[in-house]
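**Q** Below, each chain spelled out in residue letters.
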Amino acid sequence: MNGSRRFLASFLPAAALCAVVALAALLFADAYLAQVAFLTGITVILVLGESFAVGNMGQLLMCQAGFYGIGAYVSALLEMHGMPPYLAPAVGITCGAVSGLVVGLAATRIRGHYLAIVTLAIGVIVEELLNNLQGITNGPIGLVGVPTFFGPLNAGNQADYIVVVWGAVIVVLGCLALLRESRFGWFLRAIRDSEAAAESIGLRIGTYQVATVTVAAAVAGLAGALYTNYAGLLVPDLFSYGLSAQILATAVLGGINSFGGAVVSSLVFNGVPQMAQVTAFYQYLIFGVVLIVMMQFAPRGLSQIGVYAVSLARRRLLGWGAGQPNAATVRRP
Amino acid sequence: MLAFLSSLFINGLVTGSMFMLVALGVTLFYGVLRIINLAHGDVFMVGAYMAFYAGTYLHLPYWAVVIVTMMGCAVLYPILDLLVFRRLRGSELGPLITSVGLSMALESLVQGIFTANAQAVPSPYLNNLVNIGTVSVPLQSLLMIPLTLVVVAALYVFLRRTRTGLMVRAVAMEPRVSQLMGVRPEYVYGVVFVLAGLLVGLAAATMAPELYVTPTMGVELTVDAYIVVVIGGFGNVEGAIVAAFILGLINSFVSGLGLADWATTIALALLVGFMMVRPSGLVAERLGVRQ
Amino acid sequence: MPTSAEAPAALRVCDLTAGYGAGTVVKGVSLEVRPGERLCIIGPNGAGKSTLLRVLSGLRPPVSGTVSLLGEDVTHAPPDLRLRRGLVLVPEGRGIFYGLTVDENLTMGSVAFPRTQELENRERVLAVFPVLRQFRNRLAGLLSGGQQQMLAIARGLMAGPRVLMLDEPSLGLSPQAIRELVASLEAWCAAYGTAVLLVEQNSSVALRFAQRAYVMARGEFVYAGDTAAMAADGSLLKYYLQ
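So the protein lines, in turn, are chains A, B and C.
Using numbering that gives the first Met the number 0, the letters of the first sequence correspond one by one to residues 0 to 332.
Using numbering that gives the first Met the number 0, the letters of the second sequence correspond one by one to residues 0 to 290.
Using numbering that gives the first Met the number 0, the letters of the third sequence correspond one by one to residues 0 to 241.
I should point out that these hints are in silico values taken from the structure, not numbers from a laboratory.
Idealized CB from N, CA, C, for every residue including glycine.
Mixed in with the good hints there might be a few duds.
To give an idea of the chain C side of the interface with chain B (calculated C-beta under 10 Å), a few residues [stated by the list, open to error]:
no.	residue
1	C13
2	G57
3	P78
4	R81
5	R83
6	V87
7	V89
8	R93
9	G94
10	A111
11	F112
12	V130
13	F134
14	R154
15	G155
With these hints in hand, go ahead and build the complete structure from the sequences.
**A** Right, dumping it as structure tokens:
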């Protein structure tokens, strides 16, 4: 397969799924479901960034909530000082990217367990700063009265919100798929699979790591800016370590580096429980238990189960594809 | 002024003792099994609820509460290992990810049983004030320091003077070679989980009366434990002991300056700084000298 | 080969095949170590010697074939069981615990056995390696290369092996150190009748020490015979030059 076909193969199924979800939300959602649809879209963006970074870099980022919070707070503060809301996405992306760059540069030589711990610490630092820099962030009380795109969510504007967020999801998907199938993504995976080999052909590992963290942070920053302009209200608790853990968990459950898996897992583990109005308590419990069980038996997540189901169906029903290696067994992350 | 400083100092020692008991488990996990366990603080939380249950519902005397909690955690941890970590031996990031799931599951399970409301663990020593010079400290806090010293001494003797302790250190250094000596790694891993359970159980039983016990209390402690372990050096037992007291004192004195809100931020900045400048930690590595 | 019911081979390997993933490194190897015998396997780098030892010690599963120890099948036994039955490997690159003292390293050698055996064996081992006695409380990482290799072998002997397998013990040692090592080992074998399976690239050392030798190349034994005959036969060299 050449580059553009690879791109389409990774972009189209996930994008089509997103389009279907958005369309369903536009046609059938009442006010509550519209809210769920919007928040699920935000989750999908956050999970896509994490899944891209973890999957291609082979390192865990545990501070997506921090980047998300920076994007949200900066665009909120700028809008409260008169910036028009339509600039928010650009501001969110920029802020996320800059903070990602700073974190990436600080952690250029840090890998594996150590990087996971450092990013975890940075995520908690952001949350603490949002709480403690009271002169700017208004502390634990949070920012109230932040301007929004279309005013408070209601029957009249819910379609606009859904189009904006799911449109953003599809744009993010396109950008990440492009990156993944470009030389950049190729080199990233070379580094992930063997640092020594990648170094010996002249790849600068640190530079690629910084770039990937920056991309993941920019994506999270965008999610933050979009959220601000929907909620109109920000409190530090929204951007806690718990959220970073949930984002990581959702990405792992979907199958690291599987865009379709990221979307499905966000829908299954965030969208559906909210739709069914499952309390946060059960949602958390299901999350934890499913994550543990999945890691024991299918560490590559839903995408592994999907690949297995497809190959099983092919063999059982159609009798072809039997000779192909099962992609699920080829490589464990 | 002197009274104020010495109360801060004692406070720092008490906090440091708790950090140490929690962080020792984390550093043993890393030194011997090479895993990051982000659910360790949540096991502390479960221990605190064990103490709450034993004290409030079973009306056990306080010394029995401590023993029950330690035993409970020492039994719980190997079970969790069996359910959660055992299949992922040798994987670098797998156990870290499952520990995130474990943390979520434990928090919500405990919330399901005991609700999210804050609980108080009874202790007869809580209202017993002891005067040290001009400072008066609750006996409960002071209890922590000698108990911790005893436990550290016991751990030291165990690791240095017993054959099982020798096996633990050997597996931390060279797991494959240890296997050639007839050491079953799973046995040593089991010992580590029991030890971590005993230590964290003691921390939970002694600290819980002074804290509000809630299902989410563990996360903060996990973070504190990792700050200690980073400063002391991953897998380094001596380093963790030193770093725990340093962090305890920093916490106490920063709060004393009226900057209590900033204590965590400062400690975390220290973590990031250490990782950037000196990832091997304060003290040269002893336990896990594997490259 | 003479085998009788009274005296089974100390170690018998039948048609053993082993490898990593798709590549076969050891291809249908058979050998027998008689009780008290000194046997060596020599061959060039990459011949599969170390892999063979790893399989024999239980660190790697074989693809096919059998391994029996003193008449008992141990093909699928875990490393600790083989050790208890008397099969000990001193791994390549010594593998001593640098952060433990000499005494602690020796204790590790017999950690799978009762403590009485530890005390008894320690005296025996230190009698053969008197150098180690003066460094008993020193960290193993601070010893010289030759002393570290002695420690590695001494630690192996602490288990009281029936068959001792040595992987490249002469690697990186001076001729003087090698001589001392061989002398100590010979003293031990003479006293306790331990069989030795020595794997070496340094064929001159191996042929002088062992009574019988196998030559291994590309995963197979290409020559076997008495070392006396072999040393006289110049054709040995050609296996290295292939």
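**Q** Are there hints from earlier that the structure breaks, and if so, what are their numbers?
**A** 1, 12 and 13
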